[in-house]
Amino acid sequence: MRHDFYLAWRHLRHHRIRTLILVLCLSLIGALPLGLHRMLEAGEYWMTRRAEATPLLVGARGSSVDLTLGALYFSEAGVPTIRMQEADRVTATGWADGLPLYARHRVQGQPLVGVTLDYFDFRGLAPAQGELPAILGDCVLGAEAAEHLGLGPGDTLASSSENAFDLAGTYPLKLHVTGVLAKAHSPDDNAVFVDLHTAWVIEGLGHGHVDPQAAPTLTESPFGPVAARGADMGLLTYTEITPENLASFHFHGDPATYPISAVIALPHDTRAATLLRGRYLDEKSETEIVRPLDVTRSLLQNVFRVGALFDGILLLVGAIALFLVALVFSLSLRLRQREIETIYLLGCARLTVARLLFAEILLIGLFAAAVCAAVLAAAAPYASDLARHFILS
Amino acid sequence: MPILRVLSVVFTLLAASASGAGAIGESRLKIMASNYPLAYFAERLAGPWATVTLPVPVDVDPAYWQPDVKAVGTMQKADLILLNGADYEKWLVHVALPRLKRVDTSAGFRDRLIRIENAVVHSHGPAGQHSHEGIAFTTWLDFDQAAQQADAVAKALIARRPELKTAVLEALKALQAGLADLDGELKRITSARPGLPLLASHPVYQYLARRYGLNLKTVHWEPGEMPPATEWTGLDKTLAQHPAKTMLWEAQPSPAVSDKLSTKGVTSVVFDPCANRPASGDFLAIMKQNIENLKTPFQR
Ligand SMILES: [Zn+2]
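From first to last, the protein sequence lines are chains Y and D.
full-length UniProt numbering puts the first residue of the first sequence at 1, with every later residue one more than the last.
full-length UniProt numbering puts the first residue of the second sequence at 1, with every later residue one more than the last.
No lab work stands behind these hints: they were computed from the structure.
Careful: at least some of the hints might be erroneous.
Stated by the list, open to error - Pairs of lysine-lysine residues, derived as DSBU-like cross-links and limited to a Cα-Cα distance of at most 35 Å, are as follows:
(1) Lys174(Y) - Lys217(D)
(2) Lys155(D) - Lys260(D)
(3) Lys174(Y) - Lys90(D)
(4) Lys174(Y) - Lys70(D)
(5) Lys288(D) - Lys183(Y)
(6) Lys183(Y) - Lys30(D)
(7) Lys174(Y) - Lys77(D)
(8) Lys217(D) - Lys288(D)
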């Protein structure tokens with residue numbers, strides 16, 4: 001037996017190129033479907049985990065897929081906005097806590113996500129460096145966003161209007177990076193987080209005025225209001241929020257009507273969740289409530305359907321490839337006719353030839369399996385990134 | 001009632017020694033209050049189970065306070081952030097604070113808040129002219145509203161520490177009884193001479209005037225500053241139609257101002273809104289003194 005493998009090994013070494021091609025072909029045939037499945041599994045795990053952690057989502061009535069992808073994975077697709085009062089509405093029921101979220105803009109390619117501080121508690125995000133945002137104009141970076149932008153605490157980052165949906169509304173604001181979040185292995189790693197109020201300043205809903213001294217806030221005369229002087233006051237708006245001009249920043253209109261993209265609803269228990277979902281049954285209402293897990297599952301089903309199609313194609317291709325390999329072997333047997341004759345003449349049984357061939361095939365198979373495993377192992381760390389890339393964009 | 005309070009304190013101490021002193025130290029609620037009345041309510045209601053902090057320096061009026069990064073950091077770490085609401089916390093839009101830990105104690109009577117119209121009008125951008133209307137914020141000078149705010153504080157405490165429910169409700173009863181006493185006393189005093197013309201040095205008494213039916217006209221003077229001549233002529237005009245003999249002040253005015261006022265027959269009376277922690281006494285004591293100060297003009 002040992003001699004069989006020795007002879008087979010010498011033979012394979014002698015025909016290096018042929019062996020290499022065979023090993024590569026076989027390992028690819030194995031690695032492709034396995035890798036695809038690994039990627040789909042990673043994607044499923046990663047998306048399901050995120051969806052499971054987000055019990056309910058309130059957003060504009062319409063595409064629940066867009067809503068979920070926008071609020072959970074900060075996808076680039078634009079979601080119609082809802083009003084801030086929706087978050088109060090959720091909390092006011094007493095059944096759930098409402099976390100408003102505004103993920104509509106991008107800053108230097110990274111999603112700019114407006115949240116309240118509760119979001120960091122909810123997702124278990126803590127700064128690895130620096131602090132969470134404290135003042136208007138502060139931002140905190142996800143681990144990958146920080147790496148990608150090459151920024152850390154103390155740096156500044158200019159928000160630019162990158163939203164195709166309203167070009168007029170936004171104006172650039174210099175954001176102060178207060179911290180970098182620890183890696184969370186979730187879409188949060190890619191985001192630039194600001195307080196909702198900062199997001200609204202970028203949106204143009206809040207602003208500061210030059211020289212607050214020139215615009216005294218109290219212009220009442222002793223016994224009643226004076227006719228206001230308006231036009232002569234400074235109209236310039238700031239592009240950077242500093243401790244000096246912070247106090248002059250203000251918002252117009254009712255903040256309850258300000259835009260957000262979704263409210264993450266955290267019901268206190270199952271019964272509360274059911275009651276809350278009942279609140280959104282009205283078909284005519286402008287908002288809807290979705291279970292991200294349901295949405296994600298139906299989305300994944302589509303992905304798996306495509307995956308199954310891929311599997312079918314790969315099976316066919318694999319079968320053809322195996323036939324080709326068999327062909328290669330049978331052709332090589334014909335070429336080795338003289339060699340086989342010699343083996344018989346040496347007095348070996350017919351079985352010996354078969355054993356030699358078997359040893360050869362086994363060795364090639366083992367090499368291919370090893371290469372296949374190595375390729376899969378090398379690609380494993382990127383599986384979830386690839387999944388994110390292929391499934392979400 | 002005092003016996004019950006003593007008993008509850010004794011029980012807490014027993015619980016503390018039983019579970020180890022460290023345990024109660026860690027489980028102490030960290031409460032932030034945006035003004036002294038709320039801090040006082042929280043101290044009365046949460047007693048030994050909480051550390052109540054008023055982040056505003058003692059010499060600053062909390063209504064005009066602007067927190068710095070450090071103060072925001074401390075507030076972010078609190079378990080409960082008590083807000084007066086009614087547009088009191090102008091700094092709220094400038095800072096990042098968890099929403100779920102915030103409690104707007106005046107939300108219960110939001111529809112009864114007094115709007116100040118035409119406060120400041122300015123224009124900018126294509127939107128044109130608009131006004132920044134404000135809301136009168138000294139809500140606690142209506143002691144019935146103060147009791148509702150105390151109620152909101154109690155509800156927030158119980159929501160976070162359900163096991164303290166009985167103790168908190170007991171303390172709330174005592175606190176609200178104290179506030180109801182103030183309310184009754186003030187109503188009794190002011191009803192003696194309804195419509196008595198009064199002046200106020202600062203526009204902070206809107207709720208006091210509404211609740212207790214005060215016939216109040218307001219100037220905008222600071223206790224430490226001599227108002228300019230135009231203000232005095234304005235005052236003369238007002239006095240012609242509104243013959244007030246008393247002016248309410250947030251703090252004792254400078255002798256020069258009070259002397260000049262008395263030449264016009266106007267006596268200065270302190271009614272301290274007590275927005276920040278007083279040097280001595282507590283909220284109820286200060287309010288009792290305020291009511292005492294107000295007695296004289298109504299008894300004349
Ligand atoms: Zn403005």
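Checked hints:
For the proposed pair Lys174(Y) and Lys217(D), the alpha carbon gap of about 46 Å is over 35 Å, so the pair is violated. Only pairs whose Cα atoms come within 35 Å are accepted, and Lys155(D) paired with Lys260(D) is rejected, the gap being roughly 48 Å. Restraint check for Lys174(Y) and Lys90(D): the C-alpha separation of about 23 Å stays at or below 35 Å, so the hint holds. A threshold of 35 Å between alpha carbons decides the hint, and for Lys174(Y) with Lys70(D) the separation of about 21 Å falls inside it, so the pair holds.
Using a Cα cut-off of 35 Å, the hinted pair Lys288(D) and Lys183(Y) is violated, with the two alpha carbons roughly 56 Å apart. Of the pairs offered as hints, the one joining Lys183(Y) and Lys30(D) holds, with about 29 Å between alpha carbons and a cut-off of 35 Å not exceeded. Simply put, Lys174(Y) and Lys77(D) have alpha-carbon atoms about 26 Å apart, close enough for the 35 Å limit, and the pair holds. With a C-alpha separation of about 23 Å, the suggested pairing of Lys217(D) with Lys288(D) holds against the 35 Å cut-off.
Checked against the numbered hints above, the structure violates hints 1, 2, 5; every other hint is satisfied.
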